[in-house]
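Sequences are here, hints too, so could you generate the full structure?
Below are the chains, spelled out letter by letter.
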Amino acid sequence: MQDVILNTTALPHLLTLLIALPLVGVAMMAFVKDEAAVKHVAFWTAGIEFVLSLPLYLWFDPARYEMQFGEVVPWITKPPISYAVGIDGISLWLVLLTTLLTPICVVCSWTAIKSRVREFMIALLVMETAMVGVFCALNFVLFYVFWEAMLIPMYLLIGVWGGVDRIYAAIKFFLYTLAGSLLLLIAIIVLYFQGGQTFDILALTRAQYSEPLQAWLFWAFFVAFAVKVPMFPFHTWLPDAHVQAPTAGSVILASVLLKMGAYGFLRFSLPMLPDASFRFTPVVLALSVIAILYGAYMALAQSDLKKLIAYSSVSHMGFVTLGIFVINTQGIEGALLQMLNHGVTTGGLFLCVGLIYERTHSRQIADNGGLSKPMPRYAACLVIFALSSLGLPGTNSFVGEFLVLVGSFIYSKTIAALATLGIILAAVYLLWMVQRIAFGVPTEKTAKLADLNWCEMATLVPLIILIFWIGVFPNPFLAPMHASVAHIFDAMGRVGVLP
Amino acid sequence: MFDLIVTLIPVFPLLAVLANGLNVMLGHRYSHEIAHRLAWGSVLLSFLCSVWVLGQTLGHPEPRTVVAYRWFFGADLTVNLSFLIDPLTCIMLLVVTGVGFLIHVYSVGYMHGEEGFTRFFAYMNLFMVSMLLLVMGSNYVVLFIGWEGVGLCSYLLIGYYYDRVSAAKAATKAFVVNRIGDAGFLLAIFLVFANFGTLEYTEIFARAGQLDSAAAFSIAICLLIGAVGKSAQLPLHTWLPDAMEGPTPVSALIHAATMVTAGVYMVVRNHAIYDLAPDALLIVGVVGGVTALFAATIGLVQTDIKRVLAYSTVSQLGFMFLACGVGAYVAAIFHLVTHAFFKALLFLSAGSVIHALSGEQDIRRMGGLWSKIPKTHGVFLVGTAAIAGFPFLSGWWSKDEILGHAFVHGHYVLWALGATAAFCTAFYMSRLLYVTFYGESRVAHEVEHHIHESPNVMVYPLLVLAFLSVVGGLIGVIPGGLENGWFHQFLQPVVRSAGAGGEAAHEEGHLLVYILMAVTTLIGVAGWFTAHYFYKLKPEQPDLLMNRMKGAYTLILNKYWVDEAYDKAFVEPGKAVGRSFDKADTAGIDRVVVAVEQVTDLSAAGSTWVEKHVIYGGLNVTGYANHLAARVLRRLQSGLVHHYAAILVAGLVVLVNLIVLFLWLGGAS
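Just so you know, the protein sequences line up as chains Z and W, in that order. Mapping of the first sequence onto the working numbering: residues 1 to 499, in sequence order. Mapping of the second sequence onto the working numbering: residues 1 to 669, in sequence order.
FYI, nobody ran anything at the bench for these hints, they're computed from the structure. Quick reminder that beta carbons are idealized off the backbone N, C-alpha and C, glycines included. Honestly, I wouldn't trust all of these hints.
Covered by chain Z, per the in silico footprint, the following chain W stretches (three or more residues, Cβ under 8 Å) [to be verified]:
| no. | segment |
| --- | --- |
| 1 | 167-176 |
| 2 | 577-584 |
Derived, one-sided and incomplete: chain Z residues facing chain W with beta-carbon distance under 8 Å [stated by the list, open to error]:
| no. | residue |
| --- | --- |
| 3 | Leu392 |
| 4 | Gly394 |
| 5 | Thr420 |
| 6 | Ile423 |
| 7 | Ala438 |
Take a look at the structure:
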């Protein structure tokens with residue numbers, strides 16, 4: 001297969017192993033009796049998965065744009081569908097983000113999930129398989145299978161272990177994404193016939209499509225991915241899903257699932273449909289800027305902590321789509337880094353919400369005041385995540401947002417100026433939240449709360465380390481992206497637009 | 001060697017931050033004793049390194065760049081974490097580490113016994129790191145890291161007493177108002193990058209001439225927005241008075257001597273761009289002049305000792321902006337330095353007063369303190385004389401130089417604004433001195449017998465600062481006389497392009513300069529005498545005047561209602577927009593979704609019928625999917641949304657059908 005470097009490392013079938021390992025864990029759960037053991041199986045599976053995923057970074061060759069660690073096995077001959085996986089600089093960090101967050105999610109559910117622990121852990125691990133699969137798949141059918149497979153465990157996570165209105169939220173989530181998926185499926189099938197009767201993603205990327213066809217395909221892809229991101233006005237499932245989902249569900253949803261939409265734009269929309277992408281850029285950018293400001297204003301109005309962070313996600317993902325669709329190197333690399341950053345930071349914020357919900361059983365900001373006194377460690381973590389989220393220099397998000405804004409400034413000064421308003425608003429809603437949660441006098445209820453224990457700290461500390469690591473030494477994180485991002489421009493037939 | 005020592009300057013306090021920060025997070029493994037030694041010790045080391053660097057720079061005034069490491073890059077954008085050492089940096093380094101060190105020492109006494117002692121010093125050191133990055137950075141991004149970093153530390157330290165709601169609010173306000181400025185600064189950075197393709201100062205200033213005037217103007221204005229936010233100039237001044245919620249050493253270090261002067265530093269650093277945009281420079285001057293007077297008038301009637309000083313700081317920063325606006329960049333930095341001495345002195349001695357009075361800050365409940373805390377009184381007197389423009393003290397030299405430069409260069413209106421502000425300054429500072437230290441004691445009875453002079457650890461830094469406030473101005477006049485002192489010669493390479501024109505005008509107006517000095521001196525004396533008359537000779541006068549000028553008094557007492565206006569104009573509407581969007585989301589978008597869903601519901605019913613009667617028999621797969629989905633749904637105990645379930649089933653069925661159908665088609669063709 002062209003553009004794929006087969007895996008010749010010391011770990012054969014590494015990606016397949018990563019995709020399959022969580023399912024092995026699921027199978028093992030059938031053989032263990034008590035729930036404590038189930039938790040351990042889940043944790044060790046996810047933990048080993050994470051360790052096994054580290055070689056992806058260590059052995060990744062940042063100079064190559066091709067898919068690395070590739071594996072290609074014929075699967076169905078007619079129509080020709082092969083099991084093809086591989087990663088490049090675009091998917092690398094998303095795979096690692098997934099494998100990092102899954103064990104964290106297992107730990108944060110340790111005491112929070114009390115009923116049907118086994119099923120919960122199964123859903124979580126199936127989820128991991130599907131997520132890693134989506135980022136690795138190089139064949140459209142394979143991709144679609146993983147893409148859809150992801151929906152079901154997520155649907156169950158919200159619908160079974162969620163809050164009071166979980167059914168409504170779960171079905172809303174499912175319907176939105178299903179509607180998108182349907183269009184995605186149609187687009188895939190059209191591509192199959194127009195791109196030379198193949199489902200090979202890389203071959204379809206190399207193929208040429210007429211301009212009117214590109215337009216149709218672009219909008220089909222757009223709806224599918226915009227729902228996932230979610231972009232304004234397809235975002236209303238997100239706050240409901242987040243509010244109802246258990247903590248682990250929220251973390252996975254915000255940190256990984258939302259990235260699938262942005263990943264789709266980068267993997268399919270831009271390189272396959274360059275003419276349409278250039279043509280419709282203004283529309284997407286307008287929606288991105290609306291998302292940035294709208295999400296920020298919405299976050300300002302929330303009294304529910306989870307909703308606030310959910311809307312902040314809409315705003316932050318607006319920066320990601322903005323960076324992608326200004327179609328220049330700074331913008332796209334910033335967007336890619338921002339995808340990773342958002343996963344780390346918003347994941348951390350949702351963990352923080354979960355920790356406090358476990359103690360006070362309320363997500364209302366008004367019920368959780370003055371936490372600095374009884375829970376200084378918690379307050380410190382919350383402040384760090386909030387500062388990272390508002391893009392303070394020295395933290396991860398600054399580098400990402402800076403690159404995105406530089407990229408968008410090159411494209412249009414007005415758009416950059418509007419997006420910059422978003423970072424002012426981010427400071428407003430995040431610090432206002434910190435002020436109301438962490439500062440002030442503790443209430444009678446919150447005064448007696450216990451601070452974070454070591455187990456809880458262990459879920460947050462890796463994310464905090466990453467926040468500063470990316471913020472202070474971003475180069476190791478940016479380096480693997482360069483070649484792959486440059487390749488997007490090659491595929492689009494022109495080099496990144498620079499001043 | 002040079003590179004190493006330069007790099008170590010910010011690294012020392014950084015190490016102290018890490019140690020003290022971890023100590024706090026891990027539950028206080030070592031004592032306060034070790035914590036404060038680490039804190040001030042690291043700043044002392046930075047100070048010594050700075051002195052060494054100054055020594056090196058005296059011989060080689062040309063800028064030298066020290067690259068710590070390549071921070072990030074993307075395509076043709078490369079950003080290094082690197083430092084620029086030139087005379088301006090050296091001066092700023094000495095002020096930041098020198099005054100910073102004294103304030104750290106003072107804090108050991110002032111914060112003694114506080115619960116958050118170690119946390120306090122961790123924040124203070126983090127501030128030092130950020131401030132050092134700010135003044136040392138060799139490009140705009142490093143400046144910006146420091147810029148936002150000092151904002152963060154300001155936020156953390158204003159909110160140091162986090163259980164006080166007013167402190168928490170003031171902290172948020174400070175950060176948000178600063179962020180508005182920061183956004184402008186960011187845009188300036190992008191504009192610079194778009195015009196020059198680099199963000200390194202030396203490259204940019206060398207090529208500044210190629211900038212067209214429109215671009216220069218927009219960069220200058222965006223930078224000014226940043227400067228106005230950080231230096232609390234109109235219209236973004238509102239956060240600084242509230243920032244007095246922080247502990248007093250914080251007010252001295254961050255909100256008087258160093259951080260708030262960052263805007264002035266930035267304008268001077270970018271003078272090459274401002275020189276190309278005379279209109280922008282004029283705006284800088286007007287902002288400065290108006291702010292100087294505006295804040296000084298508010299200072300006339302404040303009754304909180306720290307708030308008087310806060311408005312005084314805003315006003316003095318206005319003088320520095322005024323200086324930049326008339327092209328007197330060296331004078332701006334000169335005033336920055338002398339102001340750092342006497343304002344730090346004033347804040348710290350105010351802190352000593354507050355310390356003596358068990359936390360009392362209202363000057364109406366002070367009075368007659370001079371005999372009870374004589375050392376504090378002595379240094380406060382020196383500070384007051386220095387800021388009010390008593391001849392030959394530091395403030396007199398620097399302020400006169402600014403006003404003289406403004407007048408000589410024909411900026412008469414700006415001169416008048418500055419001169420009036422100088423009168424107000426002399427008045428409100430003398431008033432503060434009289435009301436606090438002289439006259440009858442109005443101290444509350446239970447506080448009265450606790451009054452005590454501060455410990456030596458607090459007094460010694462005050463004495464050093466008092467000494468500097470007295471003689472600090474001499475660096476501006478020795479050895480070459482007015483505007484030819486060491487300070488000017490040292491900084492000349494930095495502001496060369498601007499200095500050339502100034503020199504000539506100065507020669508012509510030599511006599512004029514002396515006359516102006518006499519005038520401003522008289523203005524200062526008049527301000528002091530008015531205060532003397534009001535608060536010593538005729539103590540009933542202030543109340544009479546207050547009654548006679550009720551309107552004006554209420555206006556300035558309420559700080560021109562700027563806070564209230566901003567609340568009405570921005571804060572409330574902002575929240576209202578959020579709320580209305582929230583409604584739009586549920587009432588608008590969600591309703592559309594529900595409508596679409598209802599239509600789908602109908603068609604789903606149709607397709608279910610088709611499914612049942614046409615396809616079901618044919619495709620077992622579909623039936624199985626149907627069955628599976630139904631089972632899943634039953635477990636979810638759905639009752640209220642059964643119609644959703646119907647679509648779900650229908651959707652799955654359609655999907656599976658489509659996949660099978662197309663694969664079959666594909667296989668057939």
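Under 8 Å is the threshold here; is the Cβ of threonine 420(Z) close enough to any Cβ of chain W for the hint to stand?
holds, 5 Å
Close enough to count: is the Cβ of alanine 438(Z) nearer than 8 Å to one in chain W?
With a minimum Cβ separation of about 7 Å from chain W (threshold 8 Å), the hint on alanine 438(Z) holds.
How does the coverage statement for the segment 577-584 of chain W fare against chain Z, requiring three or more residues with Cβ below 8 Å from a Cβ of that chain?
holds (count 5)
Double-check glycine 394(Z) for me: the hint is only fine if its C-beta lies closer than 8 Å to a C-beta in chain W.
Holds, because the Cβ-Cβ distance from glycine 394(Z) to chain W comes to roughly 6 Å (cut-off 8 Å).
Hint validation: isoleucine 423(Z) versus chain W, beta carbon distance must be below 8 Å. Holds or violated?
holds, 6 Å
Do three or more residues from the segment 167-176 of chain W put their C-beta atoms closer than 8 Å to C-beta atoms of chain Z?
holds (count 7)
Quick check on the hint: leucine 392(Z) CB to chain W CB, less than 8 Å?
holds, 6 Å
The structure shown violates none of the earlier numbered hints.
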